[in-house]
Every structure is written in C-alpha cells, then in structure tokens.
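Colleague: Residue strings, one per chain:
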Amino acid sequence: MHTYFDAPDERGLFGIFGGRYVAETLMPLILQLGEAYEQAKTDPEFLRELAYFQRDYVGRPSPLYYAERLSEHLGGAKIYLKREELNHTGAHKINNCIGQILLARRMGKKRIIAETGAGMHGVATATVAARFGLECVVYMGTTDIERQQANVFRMNLLGAKVIPVTAGTGTLKDAMNEALRDWVTNVDNTFYLIGTVAGPHPFPAMVRDFQAVIGKEVRDQLQEQEGRLPDSLIACVGGGSNAIGLFHEFLDEPTVKMVGAEAAGLGLETGKHAASLTLGAPGVLHGNKTYLLQDEDGQIKDAHSISAGLDYPGVGPEHSWLRDVGRVEYTAVSDDEALAAFQLLCRQEGIIPALESSHALAEAVKRAPQLPRDHLMVVNLSGRGDKDMASIMHYLGEKGAQS
Amino acid sequence: MSRIQACFAKLKQENRAALVTFLTAGDPDYATALTILRGLPGAGADVIEMGMPFTDPMADGPAIQLANQRALGNGMSLRKTLQMVREFREGNDHTPIVLMGYYNPIHHYGVDAFIRDAKQAGVDGMIVVDVPAEHNEELCEPAQAGGIDFIRLTTPTTDDQRLPTVLKDSSGFIYYVSVAGVTGGATASLDQVSEAVARLRRHSDLPVCIGFGIRTAEHAANVARLADGVVVGSALVDKINAAVTPEQAIADVLAQCREISEGVRGARL
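Taken in sequence, the protein lines are chains S and D. The first sequence begins at 1 in full-length UniProt numbering and counts up one residue at a time. The second sequence begins at 1 in full-length UniProt numbering and counts up one residue at a time.
In isolation and in its complexed conformation, chain S is listed as follows (with noise of 0.2 Å):
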C-alpha cells in the first residue's frame, strides 16, 4: 500500500525537497541531533515525559469544538474548530517546544536558542526553557518586534533574551539567518529550537512528529463526536507546522480533503504576498530544499503578509513535496480577507483567533457554504489573537472598518 509515512528518507528528502543544506561547521552537530532524536522517539521513558507534559503542563488534549453558530451563518459545512489557541502560551507552538526543550536536556544542552516571526514561537520557547531552567536566547526582526510588543515583553518576563535583528527586512527569515549565525559559532552548548517544519533534517521531520499530536487528537475526537473521519481540514501555511500538525494523521486517508492556505497579503498580482508554494520556486535557503520566493537571480524576495507568523518567504519542504504529488492543495488568502475572517469568528463564536488562524478560517468562510450540511470541516485554530490586538487596531483604524 502507498504511505506518506515514510518520508523523509534517511537524507531528510521529501521527493526531491528538504535535505541537509548546511555549512560544514553544523553538518556534524545535525547528524548528531538526528541520531539522538532517533533514540528518543522510541524510548518508553520520553515519551511517557512528553506525554506527561503535554497533558498536564500544556494542557492537552485541546478541545474539537463544534462552531454552531459559524455554520449556519455560512450555511454550509459543519465546521469543527480544533482549539489549539486554548494551549498553554495561545498556540500549537508549544507542541512542539515541550518535545525539544525535552530532547535538549537529554543531550545535556545547557543554551537554547530560537527565531520568532510573531513572538508565539519565542514566547513558547522562552516558556519550556524557564521550567527547564535552561538558558534563552531568541532571535526577533527589528519589524516583527515593532509589530508585537507584547510578545517581545513576554519573552523578557519568562528571562529570555530577545536580540534585535536588523539585517535584510527585519523579519522571520533574517532572525533564521542570524539564529544559524549564533548555532555555528556556539555549537558546544548550544540547542537550536526550531520553531517550524523547516530548516535542515532531522528538524522538519522531528517538528511535524512533535506537531502530529493535533491530527492524532482531531480522529479520536471526531469519531467520538460524529463517528467518522473529516471530509476535509483547513489550516493555515507559513512555515507549515500546525498545518503539517493536523493533516499527517489523514494522509494515508484518500476520503480526507487537505487544503493548506498562505498568505496572498496585498494580493497575489502585488507582489506583497507570502505564498512560497502559490508563487514560489524550488530552491535552498535555511536548510532545505523547498518552495521559495525568489527573483530571476536566485534572491531571496520579501514576503509580506499582515500576519508576522506567516511572513516568511519559504515553506516547509514536506508541504513543497505534497504540493507537487498533488496530496494537499494549496490556496492563498489575502489580509483583507483575513481580517474579515478575524471579525466574523469575534462575532460569531465569542473567539478571538490569531490573524495567522484567520487566514484558514478565511479559506472555510469561502469553502463552506458551497458544501453540504453533512460535510465535517476541521478548522485549525492555532492560535489566540490576543497578541494581535495593536496591529489590528490599527489596521482596522486606517480601513475605517469599525462598526
């Protein structure tokens, strides 16, 4: 029978995506996370740890929750929102924070570091790395810090330190390339947490192991509630990690829909955008092969999109392998289309989503209503949208949108 299980292949290639594209100085440090991660994921003892604290510290499992109200507004589908925004920290990011921060005390690391686009990672990061009592340095762009001040004191709160970076646009991508810059010159003590299914092997795989627990959850939850699987799943996609997260459990479901949707920003025709896999070619940047944003010379372009977590101008290179075999459709969602997607939840549901989460609500608002009543929709909601609360005032104080 075919399987999507057993990707990536022992070289971390997913078809012809992901890989181990980095500098010789970690090439050793890589093999040797492999390796150990290898070791841990069959052993009784940390899994029964990662069990422990995903149940008691991050407060698995998260609700499936029925959005009634949301479905016959839309009049279509019945939609299921798997609440991750509930998690301790508001986001799926701690899933997988919890299962490396674990990892790193077993390979005796004393210093954690991490890149942040919208703060949820480094705030889940800085979070696992205080009850470990392990050393915390994260790496912000000089925008997104503008952008979320309030992740950034968070993280100060928890004791991490926050460096600002100001190289290329100030955002995720350039706090990657400078959290790879501090992993090659401390690689002694030092454990890069990354925080999505990117970046070289074994993280894009080890990350989507950690994340996986939210698909796992979403069957037993929905045959306990409806008694069968999801027709389809919608998640949002910047580097892919809660998207990955819930679709892995349904790959080898042929009756399952996937539909993952990245930032169209401004609009696609802009150029403003994040949608790597929508626009993107294949090429190499932070580790991997995957879909990039790139110009006719092999430059990385900017992405945009309103939504710091999605503004990133790669993809996951397992989301770049099931893009082309033709497994998960790809869409994109613009920020205006998001923001609409944002309100209608407040109003709807009484749920504040993170503007990331919104761009897959988005997506559902336009699928839903074409579907049947008997059509079961799952919804990741991965994050809470309290961090958001400072650009969407003033975004929606510039559209005069308020009512």
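In case anyone wonders, no lab produced these hints; they're calculated from the structure. One or more hints might be untrue.
Label-pair ranges, simulated between beta-carbon atoms [what the hints assert, rightly or not]:
id: 1; chain 1: S; residue 1: D295; chain 2: D; residue 2: Q161; range: 39 to 45 Å
id: 2; chain 1: S; residue 1: Q32; chain 2: D; residue 2: D191; range: 24 to 30 Å
id: 3; chain 1: S; residue 1: L229; chain 2: D; residue 2: Q161; range: 44 to 50 Å
id: 4; chain 1: S; residue 1: D386; chain 2: D; residue 2: A255; range: 54 to 60 Å
id: 5; chain 1: D; residue 1: Q161; chain 2: S; residue 2: I163; range: 33 to 39 Å
id: 6; chain 1: D; residue 1: N92; chain 2: S; residue 2: E296; range: 25 to 31 Å
id: 7; chain 1: S; residue 1: N186; chain 2: D; residue 2: L34; range: 37 to 43 Å
id: 8; chain 1: D; residue 1: D93; chain 2: S; residue 2: N156; range: 58 to 64 Å
id: 9; chain 1: D; residue 1: K10; chain 2: S; residue 2: Q32; range: 37 to 43 Å
Even for Gly, the Cβ is constructed at its ideal location relative to N, Cα and C.
Knowing the structure of chain S, use the given hints to seat chain D on it.
Modeller: Chain D in isolation, oriented as in the chain S frame:
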C-alpha cells in the same frame, strides 16, 4: 595542470604560502570591484576568491553581510559575476579564481548551465557553503566533471571519523575554517591551527589553506609558517566598508592586501 595546481606547485618551489584573498563580487559596485580585482595579483594575491552575492549569507558576519547588500543593491547578479571573471581573464591567465557563496543562485541559474558558463568564463574552483558532502551528486560531481575544482570547507567540528566523507571528492585545495563561527569573528590560536593542519595532512595530499579571523600581516605570517595558504576576507572587506569614495576603496584594499602579502612572503625566510 589546472591553474590551482600550477599555482601551489610554483609556491612550493618558492617555499612560501599562498595568499588567498576574498572579496564579494560587485562590492561596492561593478566598476570599482573590477578595478580592485585586476589590482589584486599585483598587490600579492596568489589565489582570488570572489563571493557570489546572496541575500541571505547565513555563514557570514556583519562585514560580509554588508558587502553582499551593497553589491546586490548596485545590481550585481550571478551573471554579472561571471562577466567580471571574463573581463579579469582578458588580462590575467594565471591567477586562479574561486567562486564562493551559497547554493540558491546557482540552483536557480541551473547547475549544468552554471558550470558550463563558469568554466568558459575562466573560473577554476567553487566553494559552496551550504552544499555538504551528503549532497555531492548535486553540485560537487557535476562541477568536477565540468573541469571546476570543488573545494571543501573543513571545520573544528569535522572530526576524524567524518573527515574522509568530507574530503572524498575534494579537489583544488582544502579550506580549513579555523574557528566554529561566522566570517570576521573569532581567531584560532596557532597551536590549534598547527594541530588542524597536521590532522588534515594525515587525510589528504591537497594544499591546506587556513581562513577565518586572520586580519593582520603578522598573524598571516604566523599562519603561513604552518599551512599552504592563508585566506584573508573580512580584513579587506572592512576597507570597502570604511571607504568614502570608490577611489579610496580601491587604494585601501590594495594597500591592505600588499601589507598582508609582505607578511606571508616574509614568513618562511
């Protein structure tokens, strides 16, 4: 015999180490960079590394990051980098040229087309930071088949167990990155360098060049007593950073090159 082989053979006869210079192609602009490039052999450079500008130079420190930004900001591209090599070769047929950079622009250009065009332009070797030995078939093998040396970086983290993997398909020379870190950062001690050279020589007959953190004539001389070559990059790039005019950039880079070259040439006397 390739230009790189001929160069190291000649230097061996003269009993001196090679001065390998690094500058980013097109920094600060095409015309200034070409003038500097043409002046380097006369200022004592034995092998010239040209950085292929990239938006995301992950293994480089602030000086070379800025160099990349300046070059790209002034319209530099991979095509123009090859054009610059062609123009250099019109007046120089002996100084080896090694292109150094990151994989994505080459991947986007097309590996086979790039190797063909680079060879035609007069490129002798390539160092591509983010393509390790694990992905040899993608770039290293086509480059060597196309007559371009694939020069490997080895580092303090490349242990004895891993060295054979890294050196298996190396050619030209071995570039030893003497500290774990980015360009323009910390400096290794001479004991560390000496030990590393001895270790590399147990594994390979290729010339060993030492880079990262070498900034002065004196330091270059000390390293030149231990290894087959000394790579100087950020110390030259800094002169472009600091220059107010293109004329000053040209004069200061070449003066710095001359000074370090005297250190290298006098080292084993």
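Colleague: Taking the hints in turn, state whether each one holds.
Modeller: Do the hints match the structure? See the list:
no.	hint	result
1	S:D295 <-> D:Q161: 39 to 45 Å	holds (41 Å)
2	S:Q32 <-> D:D191: 24 to 30 Å	holds (26 Å)
3	S:L229 <-> D:Q161: 44 to 50 Å	holds (47 Å)
4	S:D386 <-> D:A255: 54 to 60 Å	holds (57 Å)
5	D:Q161 <-> S:I163: 33 to 39 Å	holds (34 Å)
6	D:N92 <-> S:E296: 25 to 31 Å	holds (30 Å)
7	S:N186 <-> D:L34: 37 to 43 Å	holds (38 Å)
8	D:D93 <-> S:N156: 58 to 64 Å	holds (59 Å)
9	D:K10 <-> S:Q32: 37 to 43 Å	holds (42 Å)
Hint violations for this structure: none, all hints satisfied.
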